[in-house]
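Q: Listed here are the chains, written in short residue letters.
There are 2 protein chains.
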Amino acid sequence: MKRLLLAALLVAPALASADEGMWTFNNFPKDRVEKAYGFKVTDAWLDNVQRSSVRLAQGCSASFVSERGLVMTNHHCAHSCIEQLSTKEKDFVKAGFLAKADADEVKCPELEVNQLIEITSVTARMKKATEGKSGRDFFVAQRGEQAAIEKECQTAETLRCEVVSLYRGGIYDLYKYQRYQDVRLVFAPEFAIAFFGGDPDNFMFPRYDLDVAFVRVYEGAKPAKLKNWLRWSAAGAKEGELTFVSGNPGGTNRKLTVAQLEYQRDTALPERLVAMAEMRGKLTEYAHRGEEQARHSNATLFYVENGLKALTGRLEALQDKPFFESKVKAEADFKAALARDPANAARYLPAFDEVAKAVTAQKKLRRQIEFKERLYAGELMGVARTLVRGATERQKPNPERLREYSDAALPQLTQGLFSPAPVYPEFEIFQLTHLFTKMREKLGADDPFVKKVLGKKSPAELAEELVKGTKLADVATRKKIWDGGAAALDEAAKADPMLAFARSIDEDGRAVRKVYEDSIQPVLVKNQELIAQAHFAVEGTSTYPDATFTPRLSYGSVQGYEENGKQVAPITTMGGAYERATGREPFALPKSWLDAKGKLDLKTPFNMATSNDIIGGNSGSPVVNAKGEVVGLVFDGNIQSLGGDYGFDPAVNRTVAVHSSALVEALAKIYGAQRVVDELKPGKK
Amino acid sequence: MKRLLLAALLVAPALASADEGMWTFNNFPKDRVEKAYGFKVTDAWLDNVQRSSVRLAQGCSASFVSERGLVMTNHHCAHSCIEQLSTKEKDFVKAGFLAKADADEVKCPELEVNQLIEITSVTARMKKATEGKSGRDFFVAQRGEQAAIEKECQTAETLRCEVVSLYRGGIYDLYKYQRYQDVRLVFAPEFAIAFFGGDPDNFMFPRYDLDVAFVRVYEGAKPAKLKNWLRWSAAGAKEGELTFVSGNPGGTNRKLTVAQLEYQRDTALPERLVAMAEMRGKLTEYAHRGEEQARHSNATLFYVENGLKALTGRLEALQDKPFFESKVKAEADFKAALARDPANAARYLPAFDEVAKAVTAQKKLRRQIEFKERLYAGELMGVARTLVRGATERQKPNPERLREYSDAALPQLTQGLFSPAPVYPEFEIFQLTHLFTKMREKLGADDPFVKKVLGKKSPAELAEELVKGTKLADVATRKKIWDGGAAALDEAAKADPMLAFARSIDEDGRAVRKVYEDSIQPVLVKNQELIAQAHFAVEGTSTYPDATFTPRLSYGSVQGYEENGKQVAPITTMGGAYERATGREPFALPKSWLDAKGKLDLKTPFNMATSNDIIGGNSGSPVVNAKGEVVGLVFDGNIQSLGGDYGFDPAVNRTVAVHSSALVEALAKIYGAQRVVDELKPGKK
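In the order they appear, the protein sequences are chains E and W. Numbering of the first sequence is given in the numbering used here, commencing with residue 2 and proceeding in unit increments. Numbering of the second sequence is given in the numbering used here, commencing with residue 2 and proceeding in unit increments.
One or more of the hints may lead you astray.
Capping the alpha-carbon separation at 25 Å, the derived lysine-lysine pairs in DSS-like fashion look like this [as the list claims (entries may be wrong)]:
1) K453/E - K567/W
2) K604/W - K457/E
3) K567/W - K310/W
4) K458/E - K598/W
5) K592/W - K457/E
6) K495/W - K481/W
A partial selection of chain W residues facing chain E, derived with a Cβ cut-off under 8 Å [stated by the list, open to error]:
7) D202
8) E279
9) T285
Hints were generated in silico from the structure; no laboratory data involved. Virtual Cβ for every residue (Gly too), placed ideally from N, Cα, C.
Here chain E stands alone, though its shape is the one from the complex:
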């Protein structure tokens, strides 16, 4: 989803400054906030905000905003649900959605809400398991211990347990989440206003977006009865007011080594950008095939365009010479400091070279992994590959399985596998054709694997043959094969070309993954841990760990910034949207807005910028004030925030949120959703 760009490698940051930091709830810098803003954060305050904040398993944040399980998140976080519920005849993405009563709320095929209910330290257990080990042994031991801990914890299907590495192995915590899998759509506005300004305005400010969706968690076919939820602020936030953002930042890379940053700057990011740009071009033109094609490819285009812009921002941050030089200098200084103590030097310094060597190996393996292990696109090929691999993996003891097939991971895996979301054969063929074409381009037409995959066929022919021949669009068929294990797979693969294909390349994927897991990943993990421990030894928990898509709290205030020599005001108004509208996509306001204009208070604050430190994954996070009330809904960062992956610049890095006042004004006066307003502001009928 939007701006969820989970980074593979996470290490610990240096001392935080200004409003910087995505802090864990159990190590929140209350003193700093008090010093900067004169407000005393209490444990009770923290506890309620934490328990009221949730995560969408697919990669977003959200919050409980009523006693009856109402969940507020972004439209773009619920976009795939809204699209999956749509049909040719009823396009909720275009028209919006409002359930007039509980009975009208419709289940999202794939959404899952996770509420953190318990944190337990497992540092000692994890460290003991890998003691004295290296290479493949280290990797297997760590994976095994993690799977074991998670399995012990996960005593019910409704739980989700994850061992989280904080401060890059400085701390290992076991996070236990309550899973809500019955999540139903309550309200979504039209895409045109949720994403007003479209890609041109994405990551920009000033902004005029109603990027909101409300869903509801159900238990036993009834709205869940909650103990913790966030109350609604009567007035919303004003310029300069203290704001907290509670969410699940996906990943930051603020302490990568220079070798790793160079790899990102010179290889990983440019290659991904070029690949995504080509896909963007194809998707844009694919939408010309027809209205239906435009509809079913829309969410993918959105995902690609958003990622493209986000990665561009990250690349630009790394290409900024002074910034990169500061990273080089910081590492040199840190190494020099370590070198002064012979014990430190011996223990920690070699880790930098080891990481650099692993990065070189990673660079070489990159395309092999991309086109052998990750050779899937669209829905069906992923399903086929999961069915094939699942049949083998589930025969193994839990700790020996590939990570995504461990017992703790299976509930989410099967949720995706058995999703009733519609499949579009034309779009599947389009995506697989592209994938096979790229495979041939990047590995070369004479590569033995490429020859094995394509034979004499063209990419388009192969894609068509697989998609047209498979029965995997049918969820019952998938279920039957999954439940039937290896025997059922054998049988099904005889008649299903997609399954047969997935089978034929499974070993190729495993082989290249094994190289990575034997000789690269353990080196990276182990040596990054060493480097992080060197930092941790000095800094301890006086700073925050890199983001890990787990609950974090940041603080800041409603604040403008300077851009191209001009001051950007931090709050826009609903009236501004009308001024900006051109009547043409993506600057066309929906009819509901045009019709309601006369009823609205046009001075109502619409979007706002705050100085909170966030990153991809924070989409859908509530902005709360000192009273712990909702004053906004995070949906973006400004363009300057995109370098946030590598560092925080308090002068210009801004969170972008929908103001709470606009949410209520629009619900009540544009959408006739008084039912939702009453739930948010129960006293205010």
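Once you've looked at the hints, dock chain W against the given chain E.
A: Just chain W, lined up with the frame of chain E:
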């Protein structure tokens, strides 16, 4: 055209080694060749090869290969001609073309052949004109003197005169060319074999392409009678044999400063790659609109894919750390050497900082230039903008005009302007929509220029309105407006939205160009000249100047190389093409080849690799042996040659050519083109 990537900034290289160098004919290193290969190059030999080698003004090389004006070049160099002569009903790109007699030869709408007939030194004049000047004055003086010299030289429409800066201002030479504008298509094979392997095989070796086209130059409606042409080799080249490549390398950047290389690595190349990748995706999908759309967009896709691969190779060269560090070290060493002499230090050292400052300014102005001055795409918008600007520029004295409107430049400009090549409205709309979308994306929706251009319209609406409303597809209309000057333009713009639009943005383009020409270009030119002169002072003409799309000669031999630990043999056979064919594009052999298989000698050498130093622009160059006979036709470089923009690696940098034997074998036995064979090998009926 393919691999013609004319670089904007050219500076002098260091001492050449091995087979390195694209040498001027009047400074060819005969002694080196003799030392390395035991062959004595004579002046007579050089003279004939030079006069037999020609340039295609659109960006390729070629050679005279018969007394009757027969010209050999690449299929991809004549591709746009072949496409322009095609119709829905007769697709010569797909089916190939063979004129059975002179009368069947068809005029190419835009091809122009240039034969260098005279070189005169104008160094003294050029230096004198700019003496003591800087900034805008320097620029205007230089441009003015250049225009004056060229105009004096250009005494007839059939001449083309160009002042060429060699060794970056070390030498200025006036090149006088004979222009052949009546160029007719004689033979082209099917695209499928000209570009067998398509984009996947582009820049690869081993290779199996018949990338050839024959055209003929006419004078007075008759085949031109030539004095110089290349004879055909009876046997063709063998492994290890000495080879020369005579052609017009477009541009190299082997002596850019580190600041300029960083700009290429971190800004210019990545941005262009992402832009081209998106266009590639769009074009690939555009071809799905229908067969006709696929046909008319095919050449553009080819151009984009080729550029994408070429620029990727260049970027990878710069991202190679040891290579880049060698550049950094070379500059540091050179500066240290200069610093040892106070006079040199004072004269030359500040130039490096000046260049760096200009690069910073250039970086800032980049998008402004791209989307204001270069706001055109497809055919019609370029025509409109040229008409608008031409009306104003032609009223000025020659030396004061923008460079492309100087008297010497006008013949080529009008050739393009009045080209009868067909225009495809749908494709025009497609390209302009993309351009306006990118403009809004890159400058921002709130940019005043963007608002002025789009108003309330969407990019697609504006594009459609302009294309559907314009009459500029009609060449007679263009001619009338051009010939009628400002008054005719005034009148036409009233009824033509494309002209009116081009007019409305002309000043915006001029303004940003003026900033560049006043404050960036002169600083770059002047200080690069200083740096180059520092090199030139030390090295003189003992080395070769960077490529300038002017005639050059390189030497080398038929040679394999090592890749991924394996030896790549330098010569493939025609039989290999049959082994490699899959029957599916781009690995499908045309029917003519399948039918003729039994008649062919399958051991005939097909393509070959040589160690000659070439670059984009060399496409279509003849490969000649020690006797000065044609042994091959350059059509590509291997992937390792793409770093050749910045340096030459003799171990792996290879020219890729069609072997002369395959050309004759295919003409005679596959295409029944005995007429052409007889002309190439007059004694061998």
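Q: Decide, hint by hint, whether the structure agrees.
A: Now the hints, each set against the structure:
1. For the hint pairing K453/E with K567/W, the CA-to-CA distance comes to about 21 Å; that is within 25 Å, so the pair holds.
2. Of the pairs offered as hints, the one joining K604/W and K457/E holds, with about 24 Å between alpha carbons and a cut-off of 25 Å not exceeded.
3. At most 25 Å may separate the alpha-carbon atoms for a hinted pair to count; K567/W and K310/W meet this at roughly 23 Å.
4. At roughly 22 Å between alpha-carbon atoms, K458/E and K598/W fall within 25 Å of each other, so this suggested pair holds.
5. Proximity of K592/W to K457/E is assessed by CA-CA distance (about 17 Å); at most 25 Å being required, the pair is judged to hold.
6. In summary, the hint linking K495/W to K481/W is supported, as the alpha carbons are separated by about 15 Å, within the 25 Å threshold.
7. Because the closest C-beta pair between D202/W and chain E is about 6 Å apart, less than 8 Å, the hint holds.
8. About 4 Å separates the beta-carbon of E279/W from the nearest beta-carbon of chain E, less than 8 Å, and the hint is met.
9. At a threshold of 8 Å, the smallest CB-CB gap from T285/W to chain E is about 6 Å, leaving the interface hint in force.
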